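2 protein chains.
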Amino acid sequence: MHSTMMQVPLSVTHLLERGRNFFGKHEIVSRLPDKSIARTNYSALYDRARRLAAALVDAGVKPGEPVGTLMWNSSWHLEAYFGIPSAGAVLLTLNLRLSPDDIAYIIGNAGTRTVLVDDILLPLFEKVLPLVDIDRVIVVPTSGAPVAPRYTDYEKFIARDATDFRYPELDENAPCGMCYTSGTVGRPKGVVHSHRAVVLHALSVSLPDCLNLSCHDAVFVVTPMFHVNAWGIPFAAAMIGCNLALPGHHMGAEDLLDIMESEQISLALGVPTIWMAIKQLLDKQPDRWKLRRGMRMMVGGSAAAPSLIAGLERHGLAIKHGWGMTELTPVGTLSWLKPEHTRLPVEQQYEIRARQGLPIPLMELRIMGEEGPQPWDGKSVGELQVRGPIVTRGYHNPAPDEADKLTSDGWFRTGDVATIDAEGYMRISDRTKDLIKSGGEWISSVELENAIMAHPAVAEAAVIAVSHPRWDERPLAVVVLRAGDKVTADELRDFIAPKFAKWQLPDDFVFVDALPHTSTGKFLKSALRAQFKDWVSGTPA
Amino acid sequence: MHSTMMQVPLSVTHLLERGRNFFGKHEIVSRLPDKSIARTNYSALYDRARRLAAALVDAGVKPGEPVGTLMWNSSWHLEAYFGIPSAGAVLLTLNLRLSPDDIAYIIGNAGTRTVLVDDILLPLFEKVLPLVDIDRVIVVPTSGAPVAPRYTDYEKFIARDATDFRYPELDENAPCGMCYTSGTVGRPKGVVHSHRAVVLHALSVSLPDCLNLSCHDAVFVVTPMFHVNAWGIPFAAAMIGCNLALPGHHMGAEDLLDIMESEQISLALGVPTIWMAIKQLLDKQPDRWKLRRGMRMMVGGSAAAPSLIAGLERHGLAIKHGWGMTELTPVGTLSWLKPEHTRLPVEQQYEIRARQGLPIPLMELRIMGEEGPQPWDGKSVGELQVRGPIVTRGYHNPAPDEADKLTSDGWFRTGDVATIDAEGYMRISDRTKDLIKSGGEWISSVELENAIMAHPAVAEAAVIAVSHPRWDERPLAVVVLRAGDKVTADELRDFIAPKFAKWQLPDDFVFVDALPHTSTGKFLKSALRAQFKDWVSGTPA
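Respectively, the protein sequence lines represent chains A and B. Note that my numbering has the first sequence beginning at 1, numbered continuously upward. Note that my numbering has the second sequence beginning at 1, numbered continuously upward.
Every clue listed holds true.
Pairs count within a copy or across copies, as identical chains cannot be separated in the list.
Derived DMTMM-like pairs (lysine to aspartate or glutamate); straight-line CA-CA distance at most 20 Å: (1) K338 with E17; (2) K502 with E447; (3) K25 with E423; (4) K25 with E340; (5) K25 with D421; (6) K338 with E263; (7) K338 with E27; (8) K25 with D377; (9) K62 with E169; (10) K486 with D508; (11) K405 with E370.
These aren't lab readings, by the way, just hints derived from the structure by calculation. Here the structure is a predicted model, which means the values were calculated and not measured.
Take the sequences, apply the hints, and build the full model.
Structural data, given as C-alpha cells:
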C-alpha cells in the first residue's frame, strides 16, 4: 500500500506567500541608521523579495549558489532572507563582529560571488574586499546616502517588475541558508540549512509551549540577523503573520526600550547581556516605559541566571530560556513549566525556567557518558548528543583535521556537557573544555557563575580553571561589580557557600572592569584563560 | 552546494516517544461502557502501544498492511492509533455508523486481514463478518466481560514484554493511516495518510492561532476516532503532552458536560449537533456545571451558524470554527480573528468566526471559476481547490468510473463551492450539488440555513432545491423547531428577509420533527431531496 498524499516540498517560498496572502498589512518596522523608524508590511516584503529574487536570477546567480549579506537587522535584510532563497540561491549571513580575515575566509570557503552590504558597513567590508575574489557588491542605502558608482545600488538592482516571476522548482532538501559557527577555537565552520529544516523549525518553534507565536504578537528581533538566522524567527514570523520590529544597529538598552514601548512589543529575543542592561536600566527608571502587559523575552546564546529571570520578572517581563546552536536550525530546547509545576514556590519555578529546557518537537536528545547513554536522573553528566531533521550531520567543506562530529549511530556531538532529569529537562553543565577538573572531580563553572551572579552587587561573573600543583585545576572567579556597588571576595564566597561542597568553591575572586565576550555575547573564556594562565591559586585578590 | 542537514524521517513514532519522554504522567482518561472512568497516561500508552506493535509484527502483519479498528474513543483506540503505525502497519479506522455492507466493502477494498473490535461493538461486527475474508478478529474487552474463545483477546495478545522492540525503518512517505470518506453518493473512497502528512498536520494544527495546543490543556476528543483520525488530535496530543479525555460511546450532552467539569477540559472537539445539544442543556441549567474558565470548543464536520457561536459564548464557551476533509489530514482551515478585528462589534466578530477561516500552514487554497482562478473579493464563487503536503492526490484503489480529482496543474478538487475574501478568509457556500439554481442564478442553501437557524425558535434547518416549472429550481426550507417553541412560515420568512434578495427567499417552509443526518452529523440532503422530490413550490405548509 502506498500513501495517496501529494508530494509538495516544504519551502521558504510558502512562508513568504503565506505572509502576503493572509497578513499582508501586518507591519515590519525598522530603525534606520539616523534612528528614524521605517514602516513596511508583508505585502511589500513579498513584492520586494520577489523583485530581488528575479534580479538575482537575471544577474546569473544559479540555484545552490551562496549570496552573502553583511547587514544589520532591517526590512532590507528580511528581503534578503526571503529573496535569496526564492531565487533558489543560498542566504549566507556574514557575522559583522568577526575579523575581516574570518569574513574573507567564510566568503572563500562558501564560494560566494555576490554580497549585499549595508552602506554603513562598507568601511568594514572594504577591509574584507582586498582579501576576496567576488563579482558583485550590492550596496543597500540604509542611510539614504547615494551609493558610490563602483558598487551596485540595491534599490536600482531591484527596480523592476516581478509579477510574473516564478520560483525555481526545488527539492525540499535543497540548501536555503548557510551559517558559520563563531567558535572560539579554529576557523568558523559552515552549516547549510535546507528549506525543509527551516520550515520544520518554524512550525516547531512557534508552538504554544515553545515561543507561542501568534499573528497577535509584535516580535522584536534583537538577536542579530547575521547570526544563526536570528534564531529562525524571521521565517516563523512570515508564516504566523506577527508584526516585526528590527533595531538596526541601535542596540543600547534605552533605544531598545523605546521600541518596545512604541511598537507594543509582546516578544523580544536576545542574549543575556542585552537583557541584563535592560534590567539595570529598568531598575533605575521603573516607570519610564509603558510596556505591553505580559511581554515575554526569549533568552538564548548563553545561559540566563535565575537571578536575571527573577530580576526581569519584577518588571513584569517573562523570560523564556532557550538553547540552540548553529548546527541546529538553530533552536534546540526551550524551557517551560508543566501544569504540575504551577503550584511550586516561585523560586523553584525560576530554577526550572533557568534550565535549558525541553526539546522542541522533532529534536531528540541524549547524554552520552564514557560507558554509554546516561540515565535521565538530573545528575549523570555526559556529552549532549542530538538528532533530528533540524540538526546538521556535519560541515560544508570541512577542514581535513576536523574530527567527525557524528557518532557511529548518527547522532551529532554538541561538545556540551549536560544532564537530563526525569521530567526531560536538559541542563548544560558546561562546554567540555570549560569544566574544571579538581582532584579528579569535575566542577561546573556555569553553576558557580550563576550562584555568584545572584549576588545583588555582581553584574557579571565568569569562572575558569587555573592550574594547581596538587589538585591539577582549581576554579578562579573573575567578577565585574555593578557601578557603585562593593563586595569582598570573602563575602562572595560566604554568599555562595551554602550551594556547593567546600572543595568546589573558588580559591580566589578577581575583580575586573569588564569581561571579554564573543561576537555573540558569550564569555570568551579562551581570552580569560590566557590572561590568567600564570595565576597561582590562593593569591590574595 | 548541498544541505548538511540530517535525513531523519518524520514519523508517528517520534510523537509516541515524545509523549512518554516529556509528558509521561499526563493523563488519558476514558469513559467505559458502564460509565465509569479509567485513567492511564502517556507512559503507559507508550508501553502498551509498543506491546501491540511487537505483537502485530510477531503475528505476521507486514509493513504497509492495513489493520482495522471498529472502536469508540478510548485509551485502547489510542493504543491502536500509535501501535499499528509503530509496527509499520496502517491504521484503518472503520466508521461504525456505516452499514455492515459498506464496512465490509472498505475491509475488502483496503485488503485488511486483521481487525480490532470493541467488545460492545461485536454485535455490529458480526453482521460484517460473513461478508468479509479476514484472518484475525482481536476483541478489546472494554466492558470487562470475558472474550469469547473464537476471537483473540486483545489483553492476552499484548501481554508481553516490548522493551527491546525496535520500530521498522520507514520512509516518511510510508502509509500510516487510512480513512474512507463517508460521502452521501457512491461507495466510500479510501485516503492513505503518510507518516509525513500526520506529523506535519500535528505541528500545523497545534499552532497558537490554530488550536493553540499546550501541555497545559485538557482536550476532550468528542469527535469520533473512527472518523478522519479524530481531526488528527490524538497525534498532536502526544507531541504536545496535553491531557486527553475520551468519551467512549456516551455522547449525550449531560454525559459530556460531566466530563468537561470533572476533567476541567480546556478544549473540546466535535460537530455542531453535539454543541447544539450542549447549548440547549446549558440554556436550561446554566449553573449546574463548573466548567474551566476560557474553555474553547472546536466545531467542524459542518458549518457552525453564528447563532450557535453566540449562544455558546453566552455560557463563556469560545467556539473555534474549522473546515476539513478526509482528503486532507484532515483540518484545512480554522477561523481566528486578526488583531485588526479585535475592536469590531462582537456581531461582526461572530460573523468572521463563523467563516471556514484561514488555511493552516502548509495548506494552499484557491477558488476556480469557469474562466480560471477567481479574485479574493469575498464575492466571486467557484470550486475550492487545495494543495499541500497534507492533501491527498487521489484515492486508494479507485473505481474506474471515478473522475480524476486532480486538476492538470496538481490541485485537489474539493467539490465545495466557496469564496475567499481580501483578508484570506475562506467561506464555503455549498457543496456543488447543494447549490440551488433559480432562474439562472445561484442561491446558497448554507446561507439560508444559517439565517433561519438564527431564529430562537429553530433547532435545525436544511434548505434543498425542489424543481420548479418556471425557475428550474427553488429553495425549500425544512425546519425543526425547539421543543415547546412555535413560529410560522411567514414569521420565519420575515425574519430572514432583510438578509436576502426577495427571489432568494424559500417559497415554502416545512416543519418536521427531525432532520436526517449522515454518520458524521451533516445534513443528509440526498435523503431530504428524495423525500421532497415531488414537492410543488408554493404549497401551503
